[in-house]
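Student: Spelled out from the first residue to the last, the chains are:
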Amino acid sequence: MHTAVRCLRVLVVDDEPLIRWSIAETLGAAGHHVVEAADAASARRLLDETSDLDVALLDLRLPDSNDLALLADVRRKAPNTSVIMMTAFGTPEITANALRMGALRVLNKPFNMHDLETVVQSL
Amino acid sequence: MSDKQLEGRASVEQRLRASEGRWRAVVESAVDGIIVIDEKGRIEAFNPAAERLFGYSEQEVVGKNVNVLMPSPYHEEHDAYLDRYRSTGVRKIIGIGREVTGRRRDGTTFPLRLSVGETSLGGERKFTGILHDLSERAAIEHQLREQTALARLGEMAAVLAHEVKNPLAAVRGAIEVIGTRLPTGGRDAAVVKEIVSRIDSLNELMKDLLLFARPPDPKPRPVDIQPLVSSTAQLLREDPALNALQIEVEGSSPPVLADPGLLQIVFLNLMVNSAQAMRDGSGHIKVSVGASAGKCRIDFQDDGPGIPPEIRDKVFAPFFTTKSRGTGLGLATARRLIEAHRGTIDVRCPPAGGTTVSIQLPVIS
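Residue numbers (our numbering), protein chains in the order written: chain A, 1 to 123; chain B, 1001 to 1365.
For the record, the hints were derived by calculation from the structure and aren't laboratory data.
What you are looking at is a predicted structure, and each value in this text was computed from that prediction instead of being measured.
For each residue, glycine too, the CB sits at the ideal point set by N, CA and C.
Keep in mind that a hint or two might mislead.
Unchecked claim - Okay, the calculated beta carbon distance ranges per label pair:
no. : chain 1 : residue 1 : chain 2 : residue 2 : range
1   : A       : Arg-76    : B       : Ile-1311  : 57 to 65 Å
2   : A       : Arg-76    : B       : Pro-1183  : 44 to 52 Å
3   : A       : Glu-49    : B       : Ala-1149  : 47 to 55 Å
4   : A       : Thr-118   : B       : Arg-1221  : 29 to 37 Å
5   : B       : Pro-1227  : A       : Glu-49    : 49 to 57 Å
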């Protein structure tokens, strides 16, 4: 049984529905509130509408964004939101750039859902 | 014969000797090999460049069939070709020239450009072959082909990595969530655990492919090799599957400029390979570190069954494996990573048995 130390509002941006579902189920079971977006445009709309996001989990490659532009937008629009990047092809350069731009972690896909829960919990 | 006639004859002979001397000098100083054969294919002349190309002296080959310089199947077919040419006049090389393969005295083969001219001397038909060594060009072409293939493989691996790892992440995440809802200790939960384990194996395979196809650029810093080898050996000693394995590390060398993370991958690959070759992970690996002539040398010596001679030059080729399970990327990746450090890697199987893989890396000057 999962017990959240505190309830976080988490944005998950990934075009793969199964990944969004798995993350939402895992973090939801841990007591967090998860909102989902399948592309960068939807994520930007959610950012404009939601002011109290604690965590943003962003896939690096989205149908309408293939770089760190969404990370830059989150950092600008919601500077207090902790950003975790997710990537299926994490080169050291991508990781270094993401960390330099303010991401707290870069998770290489596939990752363990339990590890993700631990990372989010530790923020 | 009058004095004038005698003088004239002496002068002609002198001119003939001078002319012959000139031609001999041309033939002997030619950079390309020149071989003269008679119509039966017997060698009559073999210049110094031909001696260098094939490793035979002129005395050794004069009078022999020119087919000693040809590998199979040309070796067996050449006499019939000459017979056919004599009877039909149909040419394949004579007067045309083409790229062929030569066979050295030691049995090795090499590419060469052969142009053959035909002449008649004293009513006898002779063939003169001019042979230009294409080994260097072939080596450059081979290297270019290899680089192009690796670049393509790198691009393909990048696409594949995303297109495979993303769905793997999706399936792994979903099955993991479903697994948490199953009664613990039941058959279904065990199956889910197995599925996750298989997905992780697939992911490891993708990681191996990416490491080979798109190795990261080394981030060099001064590295002491002996402690790095020792810590890598310790990692293996802690692996329960390899607890029967004995690893001995000895020697030392001045530091090298290298990426310790990448070198550790190489050392790990070599030691795991040796362990797998030796009776299911038992056996003895001796790692000797030393230095000479500005190079650090690391020898990984095992007491396994060795590598059969016919496959020894293939062991560094990507996707070559003799194991029933394995990607064949371990040694290929090791070679790529060592070459990225301006080093060399080679494999030997001493007659006494076992296999020795040697790495040489430049030490910091």
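Student: Does each hint fit the structure? Answer for all of them.
Tutor: Against the structure, the hints:
1. Arg-76(A) - Ile-1311(B): 57 to 65 Å: holds, 58 Å
2. Arg-76(A) - Pro-1183(B): 44 to 52 Å: holds, 47 Å
3. Glu-49(A) - Ala-1149(B): 47 to 55 Å: holds, 50 Å
4. Thr-118(A) - Arg-1221(B): 29 to 37 Å: holds, 32 Å
5. Pro-1227(B) - Glu-49(A): 49 to 57 Å: Taking Cβ atoms as reference, Pro-1227(B) and Glu-49(A) lie about 56 Å apart, which means the hint holds.
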